[in-house]
Amino acid sequence: MSTETPDRSGNPLRDPLDRRLPRIAGPSGLIIFGVTGDLSRKKLMPAVYDLANRGLLPPGFALVGFARRQWENEDFAQEVHDAVKEHARTPFREEVWQQLAEGCRFVQGDFDDDTAFETLKSTIEELDKARGTGGNFAFYLSVPPKFFPNVVQQLKKHGLSQGTGESWRRAVIEKPFGHDLASAQDLNRIVHDVFPPNEVFRIDHYLGKETVQNILALRFANTMYEPIWNRSYVDHVQITMAEDIGIGGRAGYYDGIGAARDVIQNHLLQLLALTAMEEPGSFHPKALTAEKLKVLGAVQLPDDLGKHTVRGQYAHAWQGGEEVLGYLEEEGIDPKSKTDTYAAIKLEINNRRWAGVPFYLRTGKRLGRRVTEIAVIFKRAPYLPFESGATEELGQNALVIRIQPDEGVTVRFGSKVPGTSTEVRDVTMDFAYGESFTESSPEAYERLILDVLLGDANLFPRHQEVELSWTILDPIEAYWDKHGKPAQYASGTWGPAEADEMLARDGRSWRRP
Amino acid sequence: MKIDLTDTTSARINTGLIDARRAIGTPAVGMVLTLVIVTDEGSAYDALKAAHEASREHPSRILAVIKRPGRSPRERAGARLDAEVVVGDEAGTGETVVLRMHGELANHAESVVLPLLLPDAPVVCWWPDQAPEKAGTDPLGRLAQRRITDASSAEDPVGSLVVRAEGYTPGDTDLAWTRLTPWRSMLAAALDQKHSAITSAAVEGEAYNASTELLALWLADRLGVEVERKVSDGPGITAVRLFTGDGDICLDRSDGRLAELSVPGQPDRHVALKRRETAELIAEELRRLDPDDIYRATVKFGVKHLVSTARSGKGTDGGGPTAAARATPPAAKKAASGGKAATSK
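Residue numbers (full-length UniProt numbering), protein chains in the order written: chain A, 1 to 513; chain B, 1 to 345.
Keep in mind the hints are simulated off the structure, nothing from the lab.
Note that the structure is predicted; figures quoted are calculated from it, not measured.
Among the clues, some could well be false.
[What the hints assert, rightly or not] Subject to a maximum C-alpha distance of 35 Å in a straight line, what follows is the list of computed DSBU-like cross-link-like pairs (lysine-lysine):
#, chain 1, residue 1, chain 2, residue 2
1, B, Lys49, A, Lys42
2, A, Lys156, A, Lys175
3, B, Lys230, B, Lys274
4, A, Lys129, A, Lys156
5, A, Lys416, A, Lys294
6, A, Lys146, A, Lys336
7, A, Lys42, A, Lys121
8, A, Lys85, B, Lys49
9, A, Lys42, A, Lys338
10, A, Lys307, A, Lys482
11, A, Lys129, B, Lys274
12, A, Lys286, A, Lys146
13, B, Lys194, A, Lys157
14, A, Lys336, A, Lys42
15, A, Lys156, A, Lys294
16, A, Lys482, A, Lys294
17, A, Lys416, B, Lys2
18, B, Lys194, A, Lys121
19, B, Lys194, A, Lys129
20, B, Lys230, A, Lys129
21, A, Lys286, B, Lys194
22, A, Lys307, A, Lys157
23, B, Lys194, A, Lys156
24, A, Lys336, A, Lys485
25, B, Lys274, A, Lys85
26, B, Lys49, B, Lys274
27, A, Lys146, A, Lys175
28, B, Lys2, B, Lys67
29, A, Lys482, A, Lys336
30, A, Lys338, A, Lys286
31, A, Lys146, A, Lys485
32, A, Lys121, A, Lys175
33, A, Lys482, A, Lys146
34, B, Lys274, A, Lys42
35, A, Lys336, A, Lys175
Just chain A, same shape as in the assembly (with noise of 0.2 Å):
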């Protein structure tokens, strides 16, 4: 899916036979702002370690730090090697560990602060000296978004923003973009002042998934699912993504946004585009995209909001064996929070493929496990010739995307019940992605890193993706804030009986995952 990539063809070693030989990222950098935090010591530095393991990162790579936290190098180094150590999934190698590390740099100071940057543009010509990025780095903002502007700012004020000759600059950021469609404007408008918008990279890390990735391959390179992926067929489509956890230490991030926006607006519209789009004309990014706001815009909301969407918070309760607290319990959050901790809403997209084709979306904390999934639920056979009786235990058909843990597609279909009366009941067969593939294959952060230091823009939303998302989910947004206050669940459980009222009204009802 590598379209973007840099023409290479001048190269007499290279070969598009040749398909032993990986893509490797030219001479670049990674500069972490915010590297002492969670996200860049899990998933940031050990898929930087993993992607040198593999022997996907250029010779010479550099990985620059820059936080308030008073480190010389080789504290960042022994931080990095900790981090590493703790979290890679690659198996940790001293040589590799050496390759990496002579790269690592560490830059100390506040985000307004001038010297600082002023450090920072040293410590980058000082690299492209002592190692030979040739100027292109990549600036990762794994800080909270209300300093990006100031860093971006500051990247500009300093020239660090663009590169000289053919060199490039590109940004990464994080979401949440935005908490509605005006501040994710504004947002775009920041870092595009700064960045051109096709060196800016949005990380939504479900994207870089592998069994995402296989949404694709799974519609379009086989022949047996597209004929029946449309209103003929298809009865709806439930989008899950289940946390068993509660908000933990986020109370400060999370009260106030709650799941819709942290969750529906991008990880479940970006799941919704990618299962109902058209077949783009080719993997380019602009080709994808493109589908993808088709789809995104075709997307219509139900005209009695208060029907067709749910919200919820979650209650004390016993969870999974553990006493937990309820939403409103939980340190730091206004006993008076109206935030939603579940949000349950039902979309449909008016097109030819899917018009009357609901689609389900939910996603909540504190539920029954944690869990991601795609669903589509076909419609029941419309004659059965058996006797009656013979299919009272039968179910809808149903094709199972499962995004993750335990990656796989699973197909939900009737069978005879051994025996000498005639008897159907459902089976399912599964296709185990992650049973047998984990081993090897990237993680998310990798695949995404590398494709920032090539590149390659296909699995990253555009701007226009996150507005046009914006845009579904305010209205529901705006409804709720005058509307009532989140339903009570019980922690550990599947939700609120709300939701369950709202599909039943539907005469549907949701799955249990």
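Once you have looked at the hints, place chain B on chain A.
Relative to chain A, chain B alone:
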């Protein structure tokens, strides 16, 4: 779960596989290919270990064919099949059947293997040591899309490259070639950057090392320049130098672990370039099951070159391709300039 079957048949082994699966409660698994390993008692253990590790990435049914034709005429006259069916943890993610073929049966291994292949899944045949001269027409090799040999395990590694080239059938590949991938990708990455024209090159490595030879051939073929083959103490390949007008592009690995890359106008940098385990090599081989055209071009380029030096008398003794090849490594031969041969487009 392990089931031993003595004096058995393929049908009974198939039943054994199903029984074993049922017993551990996973009747169906997503195995993606059948890996047939043709080996002897001595190498079977290591080969199976590597295959089991590789099966974590490629869940497969592994069939180890161990031929025991027997030493005495009496042993040779009898024919017997003993099998060991292993399913579950100790067999990696797939299932393993070790087939011991006694007596005359050793000459008809394909009759045992055919019924045991997974339906509709690709077949890969691997000879960890002695491979047939023409893998593509070998009765077991014919069952496979992909045939993996290992020139480095042969008595005469370099000579066996000539054999591989002459007997090449699409789908053949050699672990001596697989071992080169990290070197090749690092060199290709180095040439992705701007550099002035390469005038000639040198490859240094152990004597009698098929990989070093292949790397020199690949460079000569792709770059169309003269490549000098130098002998060093190893381990394996120790250095590649590409000479350009501005200076040398050099990838130097003296300890088999960490290499140093130097490019004119750029600082020297370290690159991890560890020699890999067999399991990693097999895992790489199983990733792609279509014919490797670059390997074909390289090995064929080699045979042409080796033959031509032999005939024109530049080789030391000129006794035919194999002899010429055998004589080359210590004599620090020059791989031909080769012109624009075999660009394989």
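Now the hints, each set against the structure:
{"no.": "1", "hint": "B/Lys49 <-> A/Lys42", "result": "holds, 32 Å"}
{"no.": "2", "hint": "A/Lys156 <-> A/Lys175", "result": "holds, 22 Å"}
{"no.": "3", "hint": "B/Lys230 <-> B/Lys274", "result": "holds, 21 Å"}
{"no.": "4", "hint": "A/Lys129 <-> A/Lys156", "result": "holds, 22 Å"}
{"no.": "5", "hint": "A/Lys416 <-> A/Lys294", "result": "violated, 42 Å"}
{"no.": "6", "hint": "A/Lys146 <-> A/Lys336", "result": "holds, 25 Å"}
{"no.": "7", "hint": "A/Lys42 <-> A/Lys121", "result": "holds, 27 Å"}
{"no.": "8", "hint": "A/Lys85 <-> B/Lys49", "result": "holds, 26 Å"}
{"no.": "9", "hint": "A/Lys42 <-> A/Lys338", "result": "holds, 31 Å"}
{"no.": "10", "hint": "A/Lys307 <-> A/Lys482", "result": "holds, 15 Å"}
{"no.": "11", "hint": "A/Lys129 <-> B/Lys274", "result": "holds, 26 Å"}
{"no.": "12", "hint": "A/Lys286 <-> A/Lys146", "result": "holds, 30 Å"}
{"no.": "13", "hint": "B/Lys194 <-> A/Lys157", "result": "holds, 31 Å"}
{"no.": "14", "hint": "A/Lys336 <-> A/Lys42", "result": "holds, 34 Å"}
{"no.": "15", "hint": "A/Lys156 <-> A/Lys294", "result": "holds, 34 Å"}
{"no.": "16", "hint": "A/Lys482 <-> A/Lys294", "result": "holds, 30 Å"}
{"no.": "17", "hint": "A/Lys416 <-> B/Lys2", "result": "holds, 33 Å"}
{"no.": "18", "hint": "B/Lys194 <-> A/Lys121", "result": "holds, 25 Å"}
{"no.": "19", "hint": "B/Lys194 <-> A/Lys129", "result": "holds, 16 Å"}
{"no.": "20", "hint": "B/Lys230 <-> A/Lys129", "result": "holds, 32 Å"}
{"no.": "21", "hint": "A/Lys286 <-> B/Lys194", "result": "holds, 29 Å"}
{"no.": "22", "hint": "A/Lys307 <-> A/Lys157", "result": "violated, 51 Å"}
{"no.": "23", "hint": "B/Lys194 <-> A/Lys156", "result": "holds, 28 Å"}
{"no.": "24", "hint": "A/Lys336 <-> A/Lys485", "result": "holds, 10 Å"}
{"no.": "25", "hint": "B/Lys274 <-> A/Lys85", "result": "holds, 19 Å"}
{"no.": "26", "hint": "B/Lys49 <-> B/Lys274", "result": "holds, 20 Å"}
{"no.": "27", "hint": "A/Lys146 <-> A/Lys175", "result": "holds, 12 Å"}
{"no.": "28", "hint": "B/Lys2 <-> B/Lys67", "result": "holds, 21 Å"}
{"no.": "29", "hint": "A/Lys482 <-> A/Lys336", "result": "holds, 15 Å"}
{"no.": "30", "hint": "A/Lys338 <-> A/Lys286", "result": "violated, 39 Å"}
{"no.": "31", "hint": "A/Lys146 <-> A/Lys485", "result": "holds, 28 Å"}
{"no.": "32", "hint": "A/Lys121 <-> A/Lys175", "result": "holds, 27 Å"}
{"no.": "33", "hint": "A/Lys482 <-> A/Lys146", "result": "holds, 27 Å"}
{"no.": "34", "hint": "B/Lys274 <-> A/Lys42", "result": "holds, 26 Å"}
{"no.": "35", "hint": "A/Lys336 <-> A/Lys175", "result": "holds, 26 Å"}
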